[in-house]
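> Residue numbers (my numbering), protein chains in the order written: chain F, -4 to 137; chain Z, 114 to 1297.
Think of the hints as simulated: they come from the structure by calculation, not from any bench.
Be aware that a few hints might be false.
Said to hold, decoys possible - Pairs of lysine-lysine, DSBU-like flavour, derived with a Cα cap of 35 angstroms: (1) 324(Z) / 413(Z); (2) 191(Z) / 64(F); (3) 1159(Z) / 73(F); (4) 1197(Z) / 1053(Z); (5) 279(Z) / 239(Z); (6) 403(Z) / 563(Z); (7) 114(F) / 191(Z); (8) 114(F) / 550(Z); (9) 575(Z) / 413(Z); (10) 130(F) / 1146(Z); (11) 801(Z) / 73(F); (12) 1146(Z) / 1159(Z); (13) 162(Z) / 191(Z); (14) 575(Z) / 73(F); (15) 114(F) / 575(Z).
Here's the letter readout for the chains.
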Amino acid sequence: MIVCVAVVGHQNNPLYIQSFTEADDALKLHHIVHCSLDVVDERVNNPKKSGPTLNETFLGLLYPTENYKVYGYLTNTKVKFILVTTDLDVRDVDVRNFFRRFHAAYVDAVSNPFHVPGKKITSRTFAERVSNIVKSFGLSST
Amino acid sequence: MEEYPEELRTPPVTLISLVGCPELHALISSHLHSEQPPINTLALPDFSKISVIFSDKSSDGKAASASDPSSPTPGILKRDWLLKHRTKVPAVLAALFNSEQISGDPAQWIQVCTDLENLRNVIRPKNIKLVVVVVVPATFFASSNDDLISEDRMAALRKRAELDAKHIVFFNSGDELQLKESLNKLGSTFAELATTYYREEGRRIKTRVEKKNFSSIELNIRNCFKVAVHAEFRRDWVEALRFYEDAYHLLRQMVSTSTRLPVIQRLVEIKIVAEQLHFKISTLLLHGGKIADAIAWFRKHNASYRNLVGPPGVVFMHWEWMSRQFLVFAELLETSSKAIQSISGPASNTAEKLTEWEFQPAYYYQLAANYLKEKRNALELAQQSEEAAGGIDGSAESVAPSVYVGQFSRLLEQENVLAMQPLTDEEYTRYSIAEGKRFQDSFEIIALLKKSHESFSGIKAKRMGSLCAFQMAKEYYTVADFTNAKQLLDDVASLYRSEGWVTLLWEALGYVRECARRAGMVKEFVEYSLEMAALPVSSDTSVQSFDSKDCGPAGPPSLAQRENIHKEVFSLVSGEVGSVSIGDNLDLQTACNGPLHLEIDLVSPLRVVLLASVAFHEQIIKPGVPALITVSLLSQLPMNVDIDQLELQFNQSECNFIIMNSQRPASTDGRQGRRVERAPSLSLVTHKWLRLTYEVQSELSGKLECIYVVAKMRSLLTICCRAESPASMDDLPLWRFEDRVQTFPTKDPALAFSGQKAAQVEEADPQVDLVLGATGPALVEECFLVPVTVTSKGHSVFSGELKVNLVDVKGGGLFSPREVEPLSSDSSHHVQLLGVSSTDTEDDPQVASSKIMKIQQSFGLVSVPFLKDGESWSCKLEIKWNRPKPIMLFVSLGYFPDVNELSSQKVHVHKSLQIEGKTGIVISHQFMLPFHQYPLLLSKQSPSLPMNEASVLVVSTKNCSEVPLELQSMSIDMDDDHERLYTLQHGGGGAEDMLGISHLMPGAEFRKVFTIVPEVESSSLVLGSVALRWRRKSETQEACVLTKYKLPDVNIELPPLVVRQECPPYAILGDPFAYVLRIKNQTKLLQEVKFSLGDAQSFVLAGSHTDSTFILPKSEHVVSYKIVPLCSGMQQLPRVTVTSVRYSAAFQPSVAASTVFVFPSKPHFQIAAAADAENKELEPVATE
């Protein structure tokens, strides 16, 4: 189950962060998302280590915490998407698929003429769409 | 890792035992220890000790083997088994005998045999290998050891010891070489036998494992462990690893099957054994450089045990165990990564799922800390329930670790005999809780986090690092170490602040605020509180659910919470005692009695609390004229804030003023002499600019800048806010990411983009006219006068100073005073300021005497006398141009309008004027020969003049300027050091050089003809220079300008021949006339001359066409032709050519000179004919 998704701007500031848990641990998830930016930085600055994925937007598993897995995605405008899930057995295909749909939703949201680039995303439509994507995570491929 | 026993932490080392010949033990053992791989030595001084050391072991071993195989095995691993094999059970026993003992008398030999027998009895059940070492005396120098002991004895010895020959070693310490050889031999024999021993032992147990010849799974695990240890002894890491892993897997299966012990203790035992096995496996993997494998293994280990939490009462034990796993692995990883520099990256195949952090010990340290925290929480719960259940009895004290790893039992002391009694789970739990109390987990957690923090900071993972720091700070907070906590939290908060993570910042600030509160730091408390209240915490709290417990002391981030904080801090600063829910800390309340002063600068996080923007409406303001200034204040505090008074502070302190809130009672302290304005309301509404526009007036010229805006709120709080210009104002750091309407600090958006907090105050307007009265261009050489007039129109002029500067328009040579070098000649200055002449000096001699003048080539400083209102003063600048050049003349007048120079400001008037410098007069000259006279000049040098012959010099002057000029005189003057060596005649009669006054209009030309008769022969005769006196034509009689023009030096020579051509000025058709050539020989030589005459159509002539003749020295030859013209008009005379043979020079008159006008009939002009004869000699060339 996805517990948190986040959009992080290119100054590493949160643009959108939403948790989907009942357990009231949103703050912990914020910390996890924030710390995962270190790995994103590391991957972006040392692309050699991450192997052949030079122009790959999908950054893969960023770091495993005890109970969560954190995945990352970097758009060409240096906006980062972070996904935190509690599923310990996640298929890469599902995550890639999720990020692709999430990216599309993000692009639609920032294409809104009333959205100011670099500001937080407050669109309700975007939030709804994200929650749909989150709900359907892992279902489409099964 | 340190809490593990030594034998577990280090790889096992082969153990051998030495017995007999104690004097050699030290030598041998140190040698063996330095072997590669090292061998440890158990040295026994003599044979009697053998049985003592081995006896209890053997009995113990018997007891173990004698135990009923059907009864359940009481434990998995024995605690001291490993230690025993490392320190007490040797692989090889070496019996050292002196050679005398063997070869000596029968009594000695029998002793040897007895010893050997005893030894063999002792070691046989354990399969320990035996080596007999025969020590050869140092004095023995034999080529072969065979000579020492007889063959029979050796054979007997072999038989007695049941040994091969190679296991009887001779030890010869005779000399160094032999000693070394012997030691090496011993070493290799021991190593070989030890390997054999461990292999056999291992194989023996392995067959047991393979045949499944055991009664319980515990024994199976134990055997696997033993096989692995034996494999380790002989450095077979692969096998060791395999069997450790087997043991580990078997153990994991036991979790669900075993029923041997009570539940809690069973789990504890399994976990501790698993921990040891895991430790061994990890160590082996890491030492083999397989870091990725080790990490993967750890992950598996972690995954398979993480959920084995156990019964609720003892959860803390599980967390402690987990924490230890992470800590140990972190330490292992740290030590091994130090040894292996190049960590294989996550690129390897097995590690495709491994991430960067998993290679960092810091990651494990952090998790170890987290689990330890879990442990602490669980332990606290357990303790509480324990206390509720009825306290802890003293029985826990006698609990001790039992024989088996991971088991505990009660130690009963009965009649000096220690007995172990199994524990019940309740007893064990009590014991563990009591044990757990002894540790201070917080410090442990802080130490772990500190390690992690440093390590993460080292690899530039600042966010992970700051998370660790945050957790550390929380620990410090729980143990009430507020100084450390605050220090850490400040750093953490600054990271969150810079990256705009508001929720995290909220949490951090919540902690640090509480730290400040508890530590009684009022100022900090207010600052943190204000910052928190102004944070852009999302107002829609419904979206995010925050657990209030997790959020720290500040509670969940929400608008309501912000408002609470706001209220709290403002009631604190307003000094309303009792209304603040400070809680139990009264220090803060009492400490808050004094006034509180906060400063907000451009980088302060408190900018969100109060942002002051100040804009002058005009960039340039006049002194003494009121200018508008707008002060805009913005606050993000959640509730309205009323400001009591606002003070604006400028760099010119007399401009400072205070804005009072008229709704508040005015207090009049400390503002004597200040301007006070009143505003109807000074209420700051959230995210709305409070704009105030006032007038400000400055008397001083220069920069006027608003520096601070000081807001006084309530009775105690003063916020001093650095003023910012709207044009260069940064966004509020945290609010800039918020999606909200952009607002401007001023109503006028243009001012919001361009407004500045500083303005330039101009000088007072000068009320003095400065007029530069020059007209037209200046002429080169003349002394050009520029009249300067200072006229006072309202201001009196005190201490006036006139600065004059000449500047090249093109910027080529700046005539600044700096460039005036003493060595440079006048020629470097094309334009010079000669002087200043005052016209008023006669009127007021006193003023004139006091005036200071400083004149340099291009710079002048003139003092202006005191002028009353309406008076004027003027002077004239004298400027001379040496070259034609345009220049810029800058004149600036500085003066004080007031007699008191200190109180008033200097006023400046600047004027500039571009003046062209032009050449007024151009002089040229031309040399000519007399009419129809041609001297033969031999030299090629030009100009050359014939000696003693009259030559004509024409000097012409042209007026190039645009103004009419007057010429005074023109003459040819000799320079001082030259003598005139020629006769000079002026054309137009003998009047010396005075022309009278001749007017020369612009563009007109004036010529004067001189006749020069050189008197000496010279290659360079100095002619002197033309001196022309002229001036502008004007009413005022200006001084004449003398322009000199240097005539070139000429070459004077005596011509050998002079040809003179004579022909009438005109001819009449059909009327014959004479055409004569006179050739004069001036030499003392006979000259041969040839001449020829060409035909001409228009004339008929008489005379020889060609001829040659000789001319006598100093005589003249005349060639004469009679010519009759046949046509009228301008006609070309027949061309005559004269050739001097001696000089190879030919002469032919030019076409112009041999042209004559033929009238058709005789004209009637008698006067002309008369004049014609007269002017033959000196005809003006100009008419030609």
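> Between residue 191(Z) and residue 64(F), does the CA-CA distance stay at or below 35 angstroms?
violated, 40 angstroms
> Taken at face value, is the distance from the CA of residue 413(Z) to the CA of residue 324(Z) at most 35 angstroms?
holds, 29 angstroms
> Does the structure keep residue 114(F) and residue 550(Z) at a Cα separation of 35 angstroms or less?
violated, 51 angstroms
> Under the criterion that the straight-line Cα-Cα distance not exceed 35 angstroms, is the pair residue 575(Z), residue 413(Z) satisfied?
holds, 29 angstroms
> Holds or violated: are the alpha carbons of residue 1146(Z) and residue 1159(Z) at most 35 angstroms from each other?
holds, 25 angstroms
> Quick one, are residue 114(F) and residue 575(Z) close enough, alpha carbons at most 35 angstroms?
holds, 24 angstroms
> Under the criterion that the straight-line Cα-Cα distance not exceed 35 angstroms, is the pair residue 114(F), residue 191(Z) satisfied?
Not satisfied, since the Cα-Cα distance of roughly 65 angstroms exceeds 35 angstroms.
> Given the hint that residue 1197(Z) pairs with residue 1053(Z), does the C-alpha gap stay at or below 35 angstroms?
holds, 23 angstroms
> Is residue 575(Z) within 35 angstroms of residue 73(F), Cα to Cα?
holds, 19 angstroms
> Would you check the hint for residue 279(Z) and residue 239(Z), treating anything up to 35 angstroms between C-alpha atoms as holding?
holds, 22 angstroms
> Would the hint linking residue 403(Z) and residue 563(Z) be met if the CA-CA limit is 35 angstroms?
Holds, at about 27 angstroms.
> Could you grab the alpha-carbon distance between residue 162(Z) and residue 191(Z) and see if it respects the 35 angstroms cut-off?
holds, 26 angstroms
In this structure, the earlier hints numbered 2, 3, 7, 8, 10 are contradicted, and the remaining ones agree with it.
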